[in-house]
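Novice: Now for the letters of each chain:
2 protein chains.
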Amino acid sequence: MTIKEVCETHDITPDTLRYYERVGVIPTVNRTKGGIRDYSEEDVKWVENAICMRNAGVPVEMLIEYVKLFQEGDATLMARRDLLAEAREDVQAQLDKFQATLDRLNYKISRYEEALRTGVLSWNEETYKK
Amino acid sequence: MTIKEVCETHDITPDTLRYYERVGVIPTVNRTKGGIRDYSEEDVKWVENAICMRNAGVPVEMLIEYVKLFQEGDATLMARRDLLAEAREDVQAQLDKFQATLDRLNYKISRYEEALRTGVLSWNEETYKK
DNA sequence: ATACAGCTTGGAGTTAACTCCAAGTCAAGA
DNA sequence: TCTTGACTTGGAGTTAACTCCAAGCTGTAT
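Chains as they are written, first to last, in this note's numbering: chain A, -14 to 115; chain B, -14 to 115.
Treat the hints with care, since some could be wrong.
Intra- or inter-copy, both count: the list cannot distinguish identical chains.
What the hints assert, rightly or not - Derived SDA-like pairs (lysine to any residue); straight-line CA-CA distance at most 25 Å:
| id | residue 1 | residue 2 |
| --- | --- | --- |
| 1 | LYS82 | ASN40 |
| 2 | LYS53 | LEU101 |
| 3 | LYS53 | ARG96 |
| 4 | LYS82 | GLY9 |
| 5 | LYS(-11) | GLU6 |
Read the hints as simulated data drawn from the structure, not as lab findings.
None of these values were measured; they are calculated from a predicted model.
Whenever a hint applies, use it, and build me the whole structure from the sequences.
Specialist: Dropping the structure here:
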């Protein structure tokens, strides 16, 4: 699979993909004799994983560490589990914040909708109570 | 309320608060005759709103636009509602991605837990199926 | 064989959102 | 009054994560 194909099916740029490989967010991808990247099924799985993790703000640094541990083999199973657990805590905490923000936005929007519906502009303060 | 008090009760640095005011993420805060910031209840509400929105990745640019519209008065009610609705879409989309990442992390961690529990290291591929 | 579009690398540049700094002002305590 | 620590401003510096670039190689179509 060429870099172009991976990019098109995963909505990512070649530059980002090469950057991920360069810094170690994904393991090194095999090349053709000409030196062109040829992504295997497994490479693509790593790419998907990286994209998913990055979507939730998991730092590049953490992904690099995970790949490094993975390549060291079975002796690092616990360390990897711990790293993932840490990432999970971070993502969960972020998720909670996003939910709180969503609640606030919903509240504010509903107040705007009401004001626009009734024509009564009954507030000029930025209030929000949980 | 001094900048220090606001910072301590809201876990934010003075530099960030001054930056928010400077670029317009929050309206201008009143000063004492000596020129020192004196946050009102309403100022603090704006700060809380900014922190909440930034927690969910709502861009500074959007918050600036909102404050600007707010200060223009009732004529901008619809524009503000639309801006908030847009922010809500973005936050919801991000939230969904975070949830997907959390699901993936939970799956991976459960596989690690199993491997560590049984002593069977039964995979060496980065699989994940929804 | 010759275009020519697309790939390669190493390295430099960009962006958003802070974060720090220097030089100066202010205010409470000895 | 003097010291001392916190505040002020405008502007420069930092960081993470890309994103772009130049110079050169590849490989399919004419």
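Novice: Taking 25 Å as the upper bound on the Cα-Cα distance, should LYS82 and ASN40 be classified as within, between, both, or neither?
Specialist: Both. Shortest intra-copy (15 Å) and inter-copy (6 Å) distances satisfy the 25 Å Cα cut-off.
Novice: At most 25 Å between C-alpha atoms: does LYS(-11) with GLU6 qualify within a copy, between copies, both, or neither?
Specialist: Within one copy, since 15 Å is at most 25 Å while 44 Å is not.
Novice: For LYS53 vs LEU101, is the C-alpha pair at or below 25 Å within one copy, between two copies, both, or neither?
Specialist: Answer is between; shortest inter-copy Cα gap is 19 Å, intra-copy 56 Å.
Novice: At most 25 Å between alpha carbons: which applies to LYS53 and ARG96, within, between, both or neither?
Specialist: Between. Shortest inter-copy distance 19 Å satisfies the 25 Å Cα cut-off; intra-copy 50 Å does not.
Novice: Given identical chains, is LYS82 near GLY9, meaning Cα to Cα at most 25 Å, within a copy, between copies, both, or neither?
Specialist: between (30 Å within a copy, 23 Å between copies)
Checked against the numbered hints above, the structure violates none of them.
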